[in-house]
Each structure stands twice: as structure tokens, then as C-alpha cells.
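Note that the protein sequences, when read in sequence, are chains D, P and S.
In this text, residue positions in the first sequence follow the numbering used here: the first is 1, and each later residue adds one.
In this text, residue positions in the second sequence follow the numbering used here: the first is 1, and each later residue adds one.
In this text, residue positions in the third sequence follow the numbering used here: the first is 1, and each later residue adds one.
Keep in mind that a hint or two might mislead.
Stated by the list, open to error - To give an idea of the chain P side of the interface with chain S (calculated C-beta under 8 Å), a few residues:
hint : residue
1    : F52
2    : V55
3    : D56
4    : F104
5    : L254
To be verified - In silico contact screen, one side only, chain P against chain D (beta carbon under 10 Å); selected entries:
hint : residue
6    : Q47
7    : I49
8    : P51
9    : R65
10   : L68
11   : I78
12   : A87
13   : V105
14   : A121
15   : L139
16   : V171
17   : D203
18   : Y229
19   : I251
It should be emphasised that the hints constitute simulated quantities derived from the structure, not laboratory data.
Note that the coordinates shown come from a computational prediction; the quantities given were computed from them, not determined experimentally.
Just so you know, even glycine gets a beta-carbon here, dropped at the ideal spot from N, CA and C.
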Amino acid sequence: MATEALSARDAARPRRRLFRRQRHREAAFVWCLLLPALAIFLLYRLIPLGWNFLLSFQFWEPTKPAEFAGLYHYEEMFVYDDVFWQALGNTFVYMAMAPISIVAALVLALLVDSRIRGRGVYRTIIFLSYPLMAVAVGVIWRWLYDGKVGLFNYILRSAGLIDAPIAFLETFATAMPAVIVAAIWQIVGFFMIILLTGLQSIPQHLYEAASIDGASRFRQFWRITLPLLRPSLFLCFVIGIIASFTSFDLIYVMTNGGPGHATELLITYIYKVAFTLTQFDYAGALTVVMFLLFLGVALLGNLLAGGEAGKVDITE
Amino acid sequence: MHRYPRWPIHAALILVSVAMLLPFYWVLKTSLTGENIFAYPPSLLPQGIQPFFYVDAWYAIPFARFFLNSVLVAAMVIVANLIFNAAAGYALTKQFRGKTAILFVLLSCMMIPFQATIIPAYLITAELGLLNSYLGLALPAFSHIICIFIFKANFDAIPPSLIQAARIDGVPEWKILLRVMLPLAKPAIATNVILSFIWSWNDFLWPLIIIRDVQMQTMPLGLSTFLAYFEDTTGALYAFCVMVLVPGLLIFLLAQNQFIQGLTSGARKG
Amino acid sequence: MRPWLVNRVTITFATIALVVLLWNLYVAQHDDGILAGTVTGPDGSPVPGAKVVLSERTIVSLDPIAETVTDDQGNFRFTGHDRHRVVLTASKPGVGQSRRLEVRLYFRNQNRELAEPLQLAP
Chain D
1 MATEALSARD AARPRRRLFR RQRHREAAFV WCLLLPALAI FLLYRLIPLG WNFLLSFQFW
61 EPTKPAEFAG LYHYEEMFVY DDVFWQALGN TFVYMAMAPI SIVAALVLAL LVDSRIRGRG
121 VYRTIIFLSY PLMAVAVGVI WRWLYDGKVG LFNYILRSAG LIDAPIAFLE TFATAMPAVI
181 VAAIWQIVGF FMIILLTGLQ SIPQHLYEAA SIDGASRFRQ FWRITLPLLR PSLFLCFVIG
241 IIASFTSFDL IYVMTNGGPG HATELLITYI YKVAFTLTQF DYAGALTVVM FLLFLGVALL
301 GNLLAGGEAG KVDITE
Chain P
1 MHRYPRWPIH AALILVSVAM LLPFYWVLKT SLTGENIFAY PPSLLPQGIQ PFFYVDAWYA
61 IPFARFFLNS VLVAAMVIVA NLIFNAAAGY ALTKQFRGKT AILFVLLSCM MIPFQATIIP
121 AYLITAELGL LNSYLGLALP AFSHIICIFI FKANFDAIPP SLIQAARIDG VPEWKILLRV
181 MLPLAKPAIA TNVILSFIWS WNDFLWPLII IRDVQMQTMP LGLSTFLAYF EDTTGALYAF
241 CVMVLVPGLL IFLLAQNQFI QGLTSGARKG
Chain S
1 MRPWLVNRVT ITFATIALVV LLWNLYVAQH DDGILAGTVT GPDGSPVPGA KVVLSERTIV
61 SLDPIAETVT DDQGNFRFTG HDRHRVVLTA SKPGVGQSRR LEVRLYFRNQ NRELAEPLQL
121 AP
């Protein structure tokens with residue numbers, strides 16, 4: 001691509017000075033094209049990130065001038081704030097939804113990938129939950145989990161598994177698993193689609209060769225499918241990790257972090273500290289920790305994936 | 001190759017499909033009957049179907065206003081995304097000094113989840129005087145990095161000979177973008193429209209933060225406010241829920257392929 | 001060759017627009033808020049001079065908003081009530097009271113002739 005463009009430019013070059021002026025104009029044009037998008041990212045990504053770091057080292061209230069606070073907020077957070085530790089732990093527990101839904105999605109993808117009739121319909125149905133508004137999904141699942149007349153209680157009681165109804169979202173032991181199930185329901189279709197694309201990019205002749213060599217289907221799966229699917233699998237993993245740091249809507253609607261702080265994630269805690277307690281400075285420090293954790297886990301996942309997940313070819 | 005029987009696969013997939021569709025069915029049934037809000041056991045089949053919960057929901061909240069707010073914000077986001085992303089995507093197909101730095105910046109921005117910037121983003125929006133406004137709702141979503149790369153990939157796939165032919169004819173660069181590139185980038189346009197629509201439509205955290213005025217609420221915010229007022233005591237909540245879901249579902253079903261392609265190509269990139 | 005406008009997206013949205021338009025036309029034709037019916041006694045004969053109260057049922061409460069008196073044939077008629085979920089009760093001293101009759105309308109001010117009479121019982 002690059003060499004082609006250069007040779008074309010060479011061919012179209014009448015005189016050197018004209019060429020240079022034209023190149024200046026072209027550069028100006030390119031920057032004009034980039035500017036609007038870059039302005040948005042500057043305004044709502046880079047500046048906020050920097051400001052956030054700054055905020056976390058300050059005492060700051062909307063009406064007062066800022067004062068340097070040093071590590072005060074971090075000390076507060078790590079030493080005194082039990083809710084922070086609970087939210088942190090919950091965030092990691094919530095991450096469990098990633099491996100569970102990846103395994104489920106892998107099974108589904110293999111099933112849908114077999115050439116059966118109606119697989120397009122199955123694919124649509126399983127994916128249908130992903131583009132839905134998470135707020136509405138939360139409302140629906142609240143209703144399914146309802147302690148008095150919810151569907152799940154009905155099913156479990158009819159099957160004789162439980163004697164008394166369980167208010168899933170109001171019980172400490174069940175609230176987190178219940179929320180995780182809803183999150184898996186929503187994301188599993190997306191993972192399935194990613195894995196399907198991965199499966200379809202595996203060259204068919206590998207399987208044919210393996211069949212000729214007499215490899216069993218299980219062996220083929222273990223030796224061909226899984227290794228070649230690794231980038232897709234880890235891509236799902238990274239997306240799942242991101243979701244556990246960002247899925248605010250579902251938690252907010254289903255439990256709002258309750259009961260107690262049993263389903264409090266870092267993001268819901270940050271929201272509460274910032275916008276109901278209006279401690280912007282402390283929430284800023286929480287956000288810094290969340291962001292660094294997120295970055296660490298995402299980079300780790302990326303490393304395990306062999307650097308495939310976040311890769312864009314810069315040299316092209 | 002297909003010596004194994006098919007029916008177990010169908011059985012398993014049908015089972016999963018039922019599990020995936022069950023929540024939809026349940027909320028639809030409740031919104032149409034409301035019969036088991038208080039009664040136990042719930043009946044599995046709908047009995048006494050009537051549309052009155054929808055009427056209640058329609059009048060209990062300024063539904064038309066919420067809908068209009070959501071549509072307006074989504075429209076602004078879609079238009080801005082098309083312009084900004086197509087321009088940036090086209091710029092990235094060219095060679096220029098600082099391109100590597102720009103790509104680096106874009107890729108790093110991709111690693112900053114919006115949730116990690118909400119506090120300063122709120123303060124900035126307040127400084128700009130955009131709290132409680134459509135522009136304030138839409139502005140942070142004016143450009144998605146994934147969509148820029150989708151445009152770039154699409155432009156890269158256009159044969160360079162076409163562009164050179166236009167250049168030799170003396171067509172100015174911006175006209176090349178408008179007349180040559182964009183008509184050939186229809187898949188990227190479709191993907192951009194649907195992705196930015198769905199993201200804007202479903203967005204909840206940002207409206208929750210910057211909207212204080214009931215008249216400016218978008219649909220998801222309206223739904224959560226409604227839930228906060230009435231808890232689970234009325235079928236109108238579920239009717240509202242269905243009314244909120246239907247537009248997104250409709251758009252998704254109409255443009256399923258573009259949506260899936262966009263998500264998978266976007267996900268591959270980041 | 002199909003014209004470019006004929007695809008499922010435009011067809012879907014045109015259909016939705018058409019349905020919304022027709023619905024609004026229907027609503028415009030039927031939104032005088034007329035709610036009419038009869039009051040009968042325990043024996044089923046019309047009761048003139050009975051008081052009929054129209055209350056609004058909201059999600060949380062029941063508020064009386066209008067009342068009227070039946071004519072010689074026992075008919076009553078409200079206009080312009082501007083509600084979508086109302087409760088009617090009729091009463092006449094000496095004859096009795098009726099059950100609460102809940103009337104749910106498809107839109108506010110919808111015209112409705114009640115087929116069932118409000119029956120008074122002591």
C-alpha cells in the first residue's frame with residue numbers, strides 16, 4: 001500500500017516545489033479530517049483521565065479551591081474503607097462470569113457451527129439478548145428472581161428443590177450468583193458470535209488431513225480447533241474482563257449494590273461516592289485504582305493471547 | 001463426515017433457545033396480563049390478555065417525550081459518528097507525518113473505558129454548560145474509535161487505481177472522499193449507523209449522571225426512574241419495559257448482519 | 001430492478017408510520033370523552049335521579065372528578081372526562097348503591113357506551 005502510493009505520487013509529480021506545496025496542503029487536509037474525532041477523544045478520554053489522576057491527590061469540592069492532599073485518599077481507601085475492599089473482591093468474583101460464559105459460548109458455537117438446518121435462526125435467538133438495553137434486562141431479571149411470584153422460585157418449588165421461596169436478590173448468599181447469571185445470559189450470545197467467526201476461519205483442509213490420518217473428532221478438537229481458536233477465546237476473555245469493570249446498568253437496576261454491599265462493584269461504588277455522596281476527590285482515587293486494575297488485567301489477558309486481541313497493524 | 005445423528009444437536013439448541021427466550025416471554029406475558037404480580041403460583045400461559053397496562057404506562061410517564069429525547073440524541077450521535085469517523089478513517093488511509101503517534105493515541109484511548117472518566121467528564125460537561133442538554137448527552141459519543149477503524153478497513157479495500165484516476169483528473173481530495181470513497185463504503189456506513197445507534201440508545205450511566213430534569217430523560221433513564229417510583233407493583237412497569245425494548249430489537253433484527261459484522265470486526269481490532 | 005426505496009428497512013418504517021397515522025386518525029375521531037350508560041334498580045328497571053360518580057383510578061389512588069344525575073330513562077352521560085382509567089359508582093338514597101365499575105379505555109377521552117347497566121342494590 002505504502003509503496004504504491006509513493007510510486008503514484010512520483011509519477012504524478014510535475015515539479016519539486018509544486019509537489020512540496022501540495023504535500024503541505026495534503027497534510028493540512030489530513031489533520032483537518034482527524035481533528036473533530038481527536039477533539040472528542042481529547043475532551044472525553046485523555047483530559048478526564050489526567051484530571052482524574054490530579055483529582056485523586058487533591059481535596060476538592062465543587063465550591064472550594066483545590067488543596068494538595070497527597071496520598072490521603074489512597075490511605076483512606078486501602079486502610080479504612082471496608083466497602084472498597086468488598087467492592088474490589090466482588091469485581092473479581094463478578095469476573096467469574098467470563099470463563100463460565102466462554103465455556104458455554106464455545107459449546108454453543110460448536111453446536112451452531114455443525115451444518116444443521118436452521119442454524120441461522122438458532123444464532124439469532126442466542127445472540128438476541130446481547131444488543132438489549134441492560135436497564136430493561138435488569139428489570140426483567142428482577143422479575144424472574146422475585147421472591148414471591150418469580151418464575152425461578154416457581155420452577156424450583158415445583159421441582160421440589162426448595163421448600164420456601166428465596167428472595168434471590170435480597171439474600172446475601174444468592175444475590176451475586178443471581179446477578180452473574182443475568183450477565184451471562186446477556187453476553188453469551190456475543191461470545192458465541194466471536195467464537196463462530198474464529199471457528200469459520202480455521203481452514204477446513206486441516207480437519208480433512210487429520211481425518212485421513214485417522215484422528216478422532218475429540219483429538220481433532222483438542223489439537224486443531226482449540227489452539228487455532230486461542231485468539232478468539234482470549235478476545236472473549238478480555239471483553240468479559242472489561243464487562244466486569246463496566247457493567248453498571250445491570251447492577252444498578254437489579255440490586256443497586258445490595259443487600260448491604262454484597263453485589264457492589266467498583267463502578268457502582270464509584271458512582272455512589274461521586275454522585276450521591278458528592279465526594280468527587282475520593283471517587284477520583286477509586287477510579288484511578290479501578291483503571292489501573294483494569295489495565296493490568298486487560299494487558300495480562302492480551303499477553304496470554306499472544307498479543308492478538310488488541311492488535312492493529314501500525315506498520316501497514 | 002456426518003455419521004452422527006442430528007437430533008441431539010437440535011434438542012440441545014432448542015433447549016438453549018427456550019432458555020434464552022424465556023425472559024422475553026415472561027416479561028411480555030406479564031405486560032399483557034399482569035395476573036401474577038400478586039398471585040402464586042404464576043400461570044405459565046397468558047390468561048386474560050388485555051393491552052391496558054400499555055395505556056397506563058403511556059400516561060404514567062411522558063413516554064413520547066422520552067422516546068423523542070432518545071431518538072434525538074441517537075440521531076445526533078449517528079450523524080456525528082458518520083462525519084467524524086469517515087473523515088478520520090479516510091485520513092488514516094494516507095501516509096503523513098505523525099501517523100504512528102495518532103494510531104498510538106487512538107489505540108490507547110480505546111483502552112480507557114468511559115466508566116473510568118465519568119467524574120471529570122461530568123465536571124467538563126458542567127463547565128461547558130451542557131448539563132441537562134441533548135448536546136451534553138450526545139457529545140461524548142460523537143466518535144467511536146472502533147468505527148474509525150471499520151471505516152479505515154473499508155477504505156483500504158477500495159482499489160487505489162480508482163482514487164488515482166480521480167486524482168489525475170484533478171478532483172480535489174474532499175470530493176474524492178465524498179464522491180468516490182463514501183459510495184463504496186456502504187457496509188462501513190451501515191455498521192457505523194447501527195453500532196452508534198444501539199450504543200446511544202442503550203446508554204444509561206451518562207444520562208443518569210448529567211440529566212436532572214424529567215423532561216430531558218432518555219428511555220433507559222425513564223425506565224429506571226419508573227422502577228424506583230413503583231417498584232414491582234404494576235404491570236405498567238413491564239409494559240414500559242417492552243416499549244423500551246421493541247425499538248432496539250426492531251433495529252437489530254433489521255440490520256442483524258451489519259451489527260454482527262461490525263461487532264466482530266471491531267472486537268478483533270480492540 | 002427494484003427501486004432503491006423498496007427494502008425491508010423502509011417498508012418496516014413506512015408500515016409503522018402508517019399504523020401510527022391511522023391510529024391517530026381514529027383517536028381524533030373518538031376523543032370527545034363521552035362515557036354513557038344506564039342505572040338500574042335491583043329489579044332491573046331504569047332508575048331516574050340516581051347520582052353517578054366518576055372517579056379516576058391512578059396507579060396509587062382513587063380520586064372523584066365528576067358526578068352527574070340520571071335522566072328519566074335512567075341514562076347518564078359524562079363528557080370530556082380526559083382520563084383513561086376510571087371507576088363509576090351510582091347511588092340513590094332509598095334504592096341503594098352500585099358496585100364499583102372499573103372502566104379502562106384505550107386512550108384518554110375515548111368515547112364509550114357501557115353495555116352493562118350499573119345495578120343498584122340496597
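Do the hints match the structure? See the list:
1. F52: 4 Å, holds
2. V55: 5 Å, holds
3. D56: 7 Å, holds
4. F104: Violated. Min distance 38 Å.
5. L254: For L254 of chain P, the interface hint holds, since the closest Cβ of chain S sits about 5 Å away, which is under 8 Å.
6. Q47: Hint on Q47 of chain P: violated, closest Cβ of chain D at ~14 Å, above 10 Å.
7. I49: 18 Å, violated
8. P51: Hint violated; P51 of chain P Cβ to chain D Cβ min 19 Å, cut 10 Å.
9. R65: Where the cut-off is 10 Å and the nearest Cβ of chain D is about 17 Å from R65 of chain P, the hint is violated.
10. L68: 17 Å, violated
11. I78: Violated, about 15 Å.
12. A87: Status holds, d = 4 Å.
13. V105: 7 Å, holds
14. A121: 5 Å, holds
15. L139: 7 Å, holds
16. V171: 13 Å, violated
17. D203: Where the cut-off is 10 Å and the nearest Cβ of chain D is about 9 Å from D203 of chain P, the hint holds.
18. Y229: 13 Å, violated
19. I251: Since the shortest Cβ distance to chain D is 8 Å, the answer is holds.
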